[in-house]
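K.L.:
Letter by letter, the chains look like this.
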Amino acid sequence: MGLKTFIGGVHPFEGKELAENAPIKEILPKGQMVYPLSQHIGAPATPIVAVGDAVKKGQKIAEAGGFVSAPIYASVSGTVKAIEPRRVAVGDKVNSIVIDNDGLFEEVEYTAVADVTALTKEEIINKVKEAGIVGMGGAGFPTHVKLSPKEPEKIEYIIANCAECEPYLTADYRRMLENPEELVAGMKIILQLFDNAKGLFGIENNKPEAIAKMKELVKDEPRMEVVELKTKYPQGGERQLIFACTGRAINSKMLPADAGCIVDNVETIIAVNDAVKNGRPLMKRVATISGDAIENPGNFLYSMGMSYTELVEAAGGFKGQPEKLISGGPMMGFAMFGIDIPMTKTTSSLLCFSKDEVAKYEPINCMNCGRCVDACPEQLIPSRLAKYGDKGLMEDFEAWHGLECIECGSCTYVCPSRRHVAQSIKTMKKQVLAEKRKQSAK
Amino acid sequence: MSELFHVSSAPHVRAKTSTQNVMLWVIIAMLPTACFGIWNFGFRALLLIVATVLSCVASETVYNLIAKKKNTIGDLSAVVTGMILALNFPVTLPIWEAVIGGIVAIIVVKMLFGGLGQNFMNPALGARCFLLIAFTSDMSNFVTDAYSTATPLAELKATNGIIAPWNKYQLTDMFIGTTPGTIGETSVLFLLIGAAILVAAKVISLRIPLAYLGSFAVLMFFFGKRGMTIPEIAATGVDFGTLFTQASTYTLAQLMCGGIMFGAFFMATDYATTPITKKGQILFGICCGVLTFLFRTIGGTPEGVSYAIILSNLMVPLIEKITVPRAFGVVKVKKEGK
Chain E
1 MGLKTFIGGV HPFEGKELAE NAPIKEILPK GQMVYPLSQH IGAPATPIVA VGDAVKKGQK
61 IAEAGGFVSA PIYASVSGTV KAIEPRRVAV GDKVNSIVID NDGLFEEVEY TAVADVTALT
121 KEEIINKVKE AGIVGMGGAG FPTHVKLSPK EPEKIEYIIA NCAECEPYLT ADYRRMLENP
181 EELVAGMKII LQLFDNAKGL FGIENNKPEA IAKMKELVKD EPRMEVVELK TKYPQGGERQ
241 LIFACTGRAI NSKMLPADAG CIVDNVETII AVNDAVKNGR PLMKRVATIS GDAIENPGNF
301 LYSMGMSYTE LVEAAGGFKG QPEKLISGGP MMGFAMFGID IPMTKTTSSL LCFSKDEVAK
361 YEPINCMNCG RCVDACPEQL IPSRLAKYGD KGLMEDFEAW HGLECIECGS CTYVCPSRRH
421 VAQSIKTMKK QVLAEKRKQS AK
Chain L
1 MSELFHVSSA PHVRAKTSTQ NVMLWVIIAM LPTACFGIWN FGFRALLLIV ATVLSCVASE
61 TVYNLIAKKK NTIGDLSAVV TGMILALNFP VTLPIWEAVI GGIVAIIVVK MLFGGLGQNF
121 MNPALGARCF LLIAFTSDMS NFVTDAYSTA TPLAELKATN GIIAPWNKYQ LTDMFIGTTP
181 GTIGETSVLF LLIGAAILVA AKVISLRIPL AYLGSFAVLM FFFGKRGMTI PEIAATGVDF
241 GTLFTQASTY TLAQLMCGGI MFGAFFMATD YATTPITKKG QILFGICCGV LTFLFRTIGG
301 TPEGVSYAII LSNLMVPLIE KITVPRAFGV VKVKKEGK
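Protein chains in written order, with this note's numbering: chain E, 1 to 442; chain L, 1 to 338.
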């Protein structure tokens with residue numbers, strides 16, 4: 001016992017064995033590259049290249065469009081072919097820079113830093129900002145903003161989100177096994193920014209090898225600690241992780257910094273190390289490709305801007321005809337209607353399934369059983385919120401704390417009546433927030 | 001695009017438990033009690049159960065046909081309603097009255113309000129109360145060995161608790177269930193086995209049953225007809241030990257006779273007609289306990305479980321309103337004037 005966790009949650013089928021033993025392989029981009037200008041939360045980046053320009057690998061092609069924004073770098077050498085709207089994984093069309101890859105990978109020079117500890121706090125944050133690093137767990141919140149809280153001395157914990165609670169995903173796990181030194185080095189750099197903080201690595205206990213490896217590495221680091229977490233979804237949810245690691249609870253109106261915490265994903269911390277130490281901007285990351293409809297499930301180091309098609313090729317192609325493709329995990333990921341879509345900073349996986357498990361389910365009446373209540377990590381009454389959502393009752397929705405929903409999907413997962421609980425809540429949340437914006441604009 | 005992929009909102013996986021599974025577990029949990037009832041009361045009990053279940057399933061099918069809706073009997077909730085209702089009948093009840101009960105439960109109490117999960121009153125209990133009023137004598141005609149007799153509960157009531165009913169019916173009889181009563185209510189032992197199945201299969205939590213039985217027992221112990229009331233200690237000068245034994249025996253008898261065990265585990269835990277909030281469930285259980293206590297001590301009829309649960313069912317919206325849980329991380333809910 002003594003495993004740390006949160007209240008509520010579910011235990012979906014893990015499916016990690018498909019890809020967890022596949023070492024990370026790098027794939028070199030072959031085809032045309034597409035760089036959506038919005039790969040992060042905040043203002044879209046502004047292109048600083050024009051059609052016809054020659055670009056090198058590592059060259060900045062778009063400038064941050066504001067403070068909460070991030071620049072974008074070319075991950076190949078070639079020529080800018082177009083700047084036009086392109087379809088992205090979530091289904092929207094986003095203005096993108098299209099580059100014809102010349103296959104030469106001519107790279108710009110990076111300025112590495114010999115002694116990272118000599119850098120000032122401003123220099124570190126600046127390097128992170130310049131490198132275009134965003135939260136790579138999925139939200140894509142610019143990391144330099146996260147690292148610049150109002151009162152940095154009040155930050156007590158930097159939590160590395162190593163939970164990887166989504167089924168099938170193993171990218172973070174492979175990173176912890178293969179590049180743990182970089183993860184620790186990245187954490188060290190972040191700790192340099194916060195004098196009173198401790199670095200925690202929150203890892204679910206279904207990854208004993210990663211726990212052992214990380215424990216070995218941090219045993220001589222007085223400011224770092226590995227926290228073993230119970231394997232439960234959504235252990236890697238930001239609020240759930242903070243609660244599990246520190247016992248502090250935050251709500252939707254608070255930032256982790258309000259509880260003295262900053263949470264960063266494994267990839268993000270590794271990227272921070274690469275940016276600060278080697279001066280390399282964010283161009284690559286690891287993604288898992290898994291599921292029963294892919295020939296060789298595995299973990300691949302890809303270059304941002306590549307098409308999912310190349311990832312599928314690298315994994316040996318489809319096995320049979322897939323019925324459903326998901327970008328992200330099966331609990332929160334997006335179902336995609338095609339694979340000729342660019343991979344971005346927040347792409348963590350592609351799951352290919354020969355059967356769409358949920359297609360056979362027909363929702364029936366809610367019988368008020370309360371399983372969603374037990375599963376909700378935010379201690380809400382999901383079935384009731386969904387009802388208010390379907391009926392458009394905004395006041396009731398807010399009174400029952402509907403805006404606290406983290407959209408983890410646990411309620412839909414457990415619903416014996418197969419109702420689309422989370423979907424109704426998500427939709428209503430958007431409406432309520434839009435309404436609030438409208439009112440505050442008045 | 002050459003291939004078409006499925007697109008849907010997350011999550012893309014589901015847990016295995018379905019509504020049908022849940023209902024199946026409830027049926028399984030009622031089987032021990034039902035089997036005991038059949039053994040105890042004879043073949044006619046089985047006939048009543050089958051007739052009521054068939055009546056419920058047929059009613060739902062016919063209703064769906066008339067309303068041009070998809071038939072919903074596959075979720076097995078009609079079977080559950082039928083079983084609960086039949087277990088609430090005395091074994092002598094005419095079959096046609098049982099069939100009417102099934103029709104009332106499904107058509108009037110459940111389907112007219114929108115079907116599964118939408119009814120505000122437990123269908124089986126609604127129908128039972130209807131039958132109690134419509135066919136009062138048939139519904140309270142209890143027999144053992146072909147003689148009409150009073151149930152332990154009725155005796156407890158009639159004698160004001162003074163002549164100990166456990167003279168005629170020992171507490172052990174009540175526990176095993178070889179006493180007169182409705183088909184499914186007599187055996188505490190088999191009801192507890194069923195309850196254990198429900199809890200083990202995670203169909204019910206113990207919040208409602210424990211709050212119900214607990215509050216009821218406490219009230220009976222201190223304020224029941226043979227309870228440990230303070231005036232009694234003062235007035236009669238009976239020593240504490242005797243009074244304690246008397247009060248606890250009386251409370252145990254109250255807990256084991258009548259429909260309270262069946263009600264607490266199988267009827268007061270009905271999902272649709274109980275609060276969904278955890279605090280609300282406890283409050284609901286206490287509500288049932290207090291009402292059952294009042295009906296049994298100062299009410300006109302011996303039994304009060306059905307009415308207590310039904311009345312509590314009606315209070316559910318109010319209970320939920322005052323027990324909306326605070327979301328994770330929300331420290332204080334500011335009350336703004338509406």
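Since the hints were made in silico from the structure, they are not lab data.
All figures in this text were calculated on a predicted structure; none of them were measured in a lab.
Note that beta-carbon positions come from the ideal geometry of N, C-alpha and C, so glycine has one too.
It is possible that some hints are incorrect.
Here are the in silico distance ranges between beta carbons for each label pair [what the hints assert, rightly or not]:
| no. | chain 1 | residue 1 | chain 2 | residue 2 | range |
| --- | --- | --- | --- | --- | --- |
| 1 | E | L393 | L | Q170 | 54 to 64 Å |
| 2 | L | L318 | E | Y361 | 43 to 53 Å |
| 3 | L | L65 | E | D258 | 52 to 62 Å |
| 4 | L | L112 | E | F337 | 40 to 50 Å |
Quick look at which bits of chain L chain E covers, simulated, 3 or more residues with Cβ under 8 Å [to be verified]:
| no. | region |
| --- | --- |
| 5 | 4-15 |
| 6 | 71-82 |
| 7 | 110-117 |
| 8 | 275-289 |
| 9 | 324-331 |
K.L.:
Determine which of the earlier numbered hints do not hold for this structure and return their numbers in increasing order.
P.N.:
2
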